[in-house]
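Enquirer: Each chain is listed here by its residues.
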Amino acid sequence: MIRELLKNKAGVVGLSILMLFAIISLYVVATFPLDYGIRYWSNPLYWQDYPKLAPPKWYNYFTKTKLVEHYVEDVTIPSGDDVKRWVFYYYFDADTFPQGVILKYSNLTFYRDVPIISVVVTRPDGQVVTLVDFDPIPPPRPGEGEPYRRFVESPRTLVLTTDPAVVRRVTSFVNARGGQCTTTEVRDRGLMPHIIFGNLRNSTCSAESFEPLHGVYVFELVMSGGVNDTISHVRLVIQGNVYGMMGTDYLGRDIAEGLLFGFPVALLIGGIVAIFATIIGVALGIISGYIGGRVDEGIQRFADILANLPTLPILILLVFILGPKLSNVVLVLIAFGWAGTTIIIRSMVLSVKTSVFVEAARLAGASSWWIMRRHILPQILPYSFALMIFSVPGAILAEASLSFLGLGDPSIPTWGQILQQAYDNGALQNFAWWWILTPGFLIVLTAVGFVLVFFALEPIVNPRLRRQ
Amino acid sequence: MASLAKTLFFKFLTLVAVLIGVLFFLAIIMGASGLSDKMLKAILVESVRGYKQELIQQRLPIEQIDVAVAEFNKTMAAMLGLDQPWYFRIPQIIQRIFLLDLGESRVLQSSWGSRNVADIILDRLPNTIVLTASGVLISALVGIWIGLYIGSKVGSGIDRVVSVMSAISYAIPLWFIGLVLILVLAYGPKIIWGIQIFPPGGMVSIPPPREPLAYFLDFLWHLSLPLIASFIAFFGSWAYGVRNIVLNISQEDFVNFARAKGLPEDLVRKRYILRPALPPILTSLILSLAGSISGYIITERVFNWPGLGTLFYNAILATDEPVIFALVYVFTLVYVVARFILEILYIIVDPRIRYD
Chain A
1 MIRELLKNKA GVVGLSILML FAIISLYVVA TFPLDYGIRY WSNPLYWQDY PKLAPPKWYN
61 YFTKTKLVEH YVEDVTIPSG DDVKRWVFYY YFDADTFPQG VILKYSNLTF YRDVPIISVV
121 VTRPDGQVVT LVDFDPIPPP RPGEGEPYRR FVESPRTLVL TTDPAVVRRV TSFVNARGGQ
181 CTTTEVRDRG LMPHIIFGNL RNSTCSAESF EPLHGVYVFE LVMSGGVNDT ISHVRLVIQG
241 NVYGMMGTDY LGRDIAEGLL FGFPVALLIG GIVAIFATII GVALGIISGY IGGRVDEGIQ
301 RFADILANLP TLPILILLVF ILGPKLSNVV LVLIAFGWAG TTIIIRSMVL SVKTSVFVEA
361 ARLAGASSWW IMRRHILPQI LPYSFALMIF SVPGAILAEA SLSFLGLGDP SIPTWGQILQ
421 QAYDNGALQN FAWWWILTPG FLIVLTAVGF VLVFFALEPI VNPRLRRQ
Chain B
1 MASLAKTLFF KFLTLVAVLI GVLFFLAIIM GASGLSDKML KAILVESVRG YKQELIQQRL
61 PIEQIDVAVA EFNKTMAAML GLDQPWYFRI PQIIQRIFLL DLGESRVLQS SWGSRNVADI
121 ILDRLPNTIV LTASGVLISA LVGIWIGLYI GSKVGSGIDR VVSVMSAISY AIPLWFIGLV
181 LILVLAYGPK IIWGIQIFPP GGMVSIPPPR EPLAYFLDFL WHLSLPLIAS FIAFFGSWAY
241 GVRNIVLNIS QEDFVNFARA KGLPEDLVRK RYILRPALPP ILTSLILSLA GSISGYIITE
301 RVFNWPGLGT LFYNAILATD EPVIFALVYV FTLVYVVARF ILEILYIIVD PRIRYD
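Just so you know, the sequences run in chain order A and B.
The first sequence maps to residues 1 to 468 in the working numbering.
The second sequence maps to residues 1 to 356 in the working numbering.
The set of hints was computed from the structure by calculation and includes no laboratory data.
Predicted model only: the values in this text are computed from it and were never measured.
One or more of the hints may lead you astray.
To be clear about the criterion: a stretch of chain A counts as covered by chain B if any three or more of its residues have a C-beta under 8 angstroms from a C-beta of chain B, and this derived list gives those stretches [what the hints assert, rightly or not]:
1. 59-69
2. 317-325
3. 446-455
Listing some non-contacts, in silico: residues in chain B with all C-beta distances to chain A over 10 angstroms [what the hints assert, rightly or not]:
4. T14
5. K38
6. A68
7. D101
8. E104
9. R115
10. N127
11. I172
12. V204
13. G262
14. Y272
15. A290
16. S294
17. R301
18. F325
19. F331
Glycine included, C-beta positions come from ideal geometry on N, C-alpha and C.
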């Protein structure tokens, strides 16, 4: 069967898509934590350092203006003894300005006196700007013994772009060089990166009046205190305008990660629904076709009604009542997904039933159960398999539709949910194409893969088509 | 004629069974989830309050009022069926859903501010029917026309284009095509060049134009993008399906005979190919109906079209249960009615059923 499938071009394309998806899913299952959705994806704090609504890195190849890439650097070893310096060299060569600058440090240990911590940047033109000259550190509490430790659990985060003291300092820096800015303007328009990374072209205080100053910027975190006072970890984040393979969304989430996690979820939803709906459908189809009479009538009328319903409204209602959990979505999809299979399988069983070997088995005294299992099931199994493949994309699309209506499981990111969040949080208005097109494209590609395999399988497994 | 009536009657019965099945199903969910109790209690509280107000205005002594109100409360509860568990009330619940007598919504309102569920639904229903009917009809008509044309030119360039488009129809959902179109044709030109080619959503501009003609044009402008999306989503499968039917029929002996007689190709196509092709085409229209109605629920939300689909989303957002139940029922009803109209059409175009 597989050899015949590989002769068909559509089959090869479909199979390779599905193989690729399966490999990606295995990789994700092996590397991502199972509670990724709750722990990371739906936790805005985890993504606060990331740039917001940034297009993918490779977007730079298609634009004339070079956008700032995201920059994260960790320094653990300081230079100097009494006055320790953690030094970052940042090479800036983009035509736009970064979204923001964040400095973090953790595990501050000191003896006796509270150390004085300041942050200084030296620009390529030699200008030195003191951004922070005295970062307040909680002094020793009564009864607390040496050494005093601070910022162990969560690091001290200095959001330099919006910090009032920093804004005041950079405002006076730019005004000393001919600018006419107020601190409110600098804060509200987010001009701190422009002032640090650029020169004024004219004195109006807007983003357009700055031009970027290229070169090496030296950021230093300076700590003056005792010889034994240390900080274990300092991180400088310069939030770019482009990020990663797939860009980021409005919370700064790396869309590539969410999309990756969506692979196994989509295959799982589609797979489970298809397998169980097909099992139910085939079983009822065989019973209905072989036993006939009232049983047949009952099953077929019921299947008719189910197959004749606009299912989405009922899916919406049931998931709404049961609660938006992935297991509920899957259950409901199974409950409404078997009818079509039953109708098709029954008609196949009716023709198999009249064949000589079934007749012979019955004359030899085989029970109905035996005949259904040993003589009829093997005949229709290949085609059932094809039907199962065909029903996978329907389930994935249905889940995406439900997610898009706000009925997705909030603890597990799916492609449909990423699309829904994109739609609800202004991806269209901001022309964030990377946030809309990729999840939709993946949904479509999955569907195409399964449909192509089905088209290639059908003439092989359908006896009616094979005869022609 | 007798057989015609019989066929129609059986189709009708099946569709009524579908409707009753859905009603029964809705009634059970409504009862079991306690929504029915909640709804009836709201009605009870409302009428008891009204009764009490009335008595107070008659200046009766307070003890007498309390006794009367308690009595009224009891009879009213019995009348509504609240003194029994929900499963005894299923016929009543079915009747209420059937007549859309579902009381007031929790939050949602109709455009004129009514909170009556039936009002809210009827307010939106025409918008949905316009969008769905025009979308399905345009893509079907153009698809049938092109399909008839390429059915006799299998293997040509346009035939290959249509084959690819039919594959697209299988895989890409209508609402995603809508999203891409809004991104590329509505927001894209506006953000990049500053021109608004297509509106990003809605049914009319805000504020709507005063003049009737301007209003209508504005409406068409808003309708155009959803229609293009429907066309891309459905056209391919239509044209391809019709092409296959035409291909099969044009190999039949009677078509060859008509050609051999020397009839003009146009006449052969119209009378000998289109006529026998119509019934299977209608069958596929009937089969695709349920899918397209479902597809438009999300498409309406994408285009912010003020129809039942958007209402569905708003009802989910506001957890407005009565509206959700009413919507499920109305969608089934619309489907059943549309199916029945198509079945009648089917009988008209297929003489084999009529003169059986």
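Enquirer: Now look at each hint and say whether the structure bears it out.
Expert: Hint check:
no.	hint	result
1	59-69	violated (count 0)
2	317-325	holds (count 4)
3	446-455	holds (count 3)
4	T14	7 angstroms, violated
5	K38	13 angstroms, holds
6	A68	39 angstroms, holds
7	D101	19 angstroms, holds
8	E104	19 angstroms, holds
9	R115	20 angstroms, holds
10	N127	17 angstroms, holds
11	I172	5 angstroms, violated
12	V204	19 angstroms, holds
13	G262	32 angstroms, holds
14	Y272	24 angstroms, holds
15	A290	5 angstroms, violated
16	S294	4 angstroms, violated
17	R301	7 angstroms, violated
18	F325	7 angstroms, violated
19	F331	4 angstroms, violated
Violated hints, listed in ascending order, are 1, 4, 11, 15, 16, 17, 18, 19; each of the other numbered hints is respected by the structure.
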